[in-house]
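Engineer: Each chain, letter by letter, is given below.
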Amino acid sequence: AQKVTQAQTEISVVEKEDVTLDCVYETRDTTYYLFWYKQPPSGELVFLIRRNSFDEQNEISGRYSWNFQKSTSSFNFTITASQVVDSAVYFCALSAMTTDSWGKLQFGAGTQVVVTP
Amino acid sequence: DAMVIQNPRYQVTQFGKPVTLSCSQTLNHNVMYWYQQKSSQAPKLLFHYYDKDFNNEADTPDNFQSRRPNTSFCFLDIRSPGLGDAAMYLCATSRRDTLNTEAFFGQGTRLTVV
Numbered sequence: 247a248q249k250v251t252q253a254q255t256e257i258s259v260v261e262k263e264d265v266t267l268d269c270v271y272e273t274r275d276t277t278y279y280l281f282w283y284k285q286p287p288s289g290e291l292v293f294l295i296r297r298n299s300f301d302e303q304n305e306i307s308g309r310y311s312w313n314f315q316k317s318t319s320s321f322n323f324t325i326t327a328s329q330v331v332d333s334a335v336y337f338c339a340l341s342a343m344t345t346d347s348w349g350k351l352q353f354g355a356g357t358q359v360v361v362t363p
Numbered sequence: 008d009a010m011v012i013q014n015p016r017y018q019v020t021q022f023g024k025p026v027t028l029s030c031s032q033t034l035n036h037n038v039m040y041w042y043q044q045k046s047s048q049a050p051k052l053l054f055h056y057y058d059k060d061f062n063n064e065a066d067t068p069d070n071f072q073s074r075r076p077n078t079s080f081c082f083l084d085i086r087s088p089g090l091g092d093a094a095m096y097l098c099a100t101s102r103r104d105t106l107n108t109e110a111f112f113g114q115g116t117r118l119t120v121v
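Read top to bottom, the protein sequences are chains A and B. Per this note's numbering, the very first residue in the first sequence carries number 247; after that it's consecutive. Per this note's numbering, the very first residue in the second sequence carries number 8; after that it's consecutive.
Only chain A is shown next, with the shape it has when bound in the complex:
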């Protein structure tokens, strides 16, 4: 069974502060994908990043960066220099890397990020 835990319900920051979102996952699959999605008030889920289970290299993409540690089953996400437009709910998600599981996402409960000017 798969499980994704986002312990932080809500994070409030002032603009330009960094925000780090925690994600811990459980899976019996040996290969899997991890994702971060953003859901603004409009409701659409916007894909942000994807990581393969066999690639633990951490990267930076613009103001986004992520820290994947397989040893602790964590996939944390950081927004650098936050902006008001970053205010949204952020979901961490897990998908097994099998042909019948692609796109079948197990979501965490989400973390509401509030960025104030």
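There could be a bad hint or two in this list.
Simulated crosslink set (DMTMM-like; lysine to aspartate or glutamate; CA at most 20 Å straight-line) [said to hold, decoys possible]:
#	chain 1	residue 1	chain 2	residue 2
1	A	K316	A	E302
2	B	K51	B	D84
3	A	K284	A	D268
4	A	K284	B	E109
5	B	K45	B	D60
6	A	K249	B	E64
7	A	K249	B	E109
8	A	K284	A	D332
9	A	K316	A	D275
10	B	K45	A	E256
11	B	K51	A	E272
12	A	K316	A	D268
13	B	K51	B	D92
14	B	K51	B	D66
15	B	K45	B	D66
16	A	K316	A	E290
17	A	K249	B	D66
18	B	K59	B	D92
19	B	K51	B	E109
20	B	K45	A	E290
21	B	K51	A	E261
22	A	K316	A	E305
23	A	K316	A	E272
24	A	K284	A	E261
Calculated directly from the structure, the hints in this document are not laboratory data.
Assemble the complex: chain A is given as a structure, and chain B must be docked to it using the hints.
Structural biologist: The following block gives chain B in isolation, referenced to the frame of chain A:
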């Protein structure tokens, strides 16, 4: 340009009155999904189509059905909506036969049951 389009954005239906939500895609993806997201909760997969093959999740109520007449369109039918079915319904697509596996979501349909 929107690639996964859901209509309508907002739907109000009466208790027990059948309702259909629609989803179309321009990505030519072979998999289409329906997720249900209740207020302040994570999206939950209801079912998906891989081409014409329908795959129901084990805990999806019988009240929910789906149709996929062609590659581009997929419908969610709720036969007898109850108050507990009020939620955001999200359609998503992905391609199964490549490694590019992120799912693309539509803007959702927010269903209200009165």
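Engineer: Just pull the numbers of the violated hints for me, sorted ascending.
Structural biologist: Hint check: 5, 16, 18, 21 fail, others pass.
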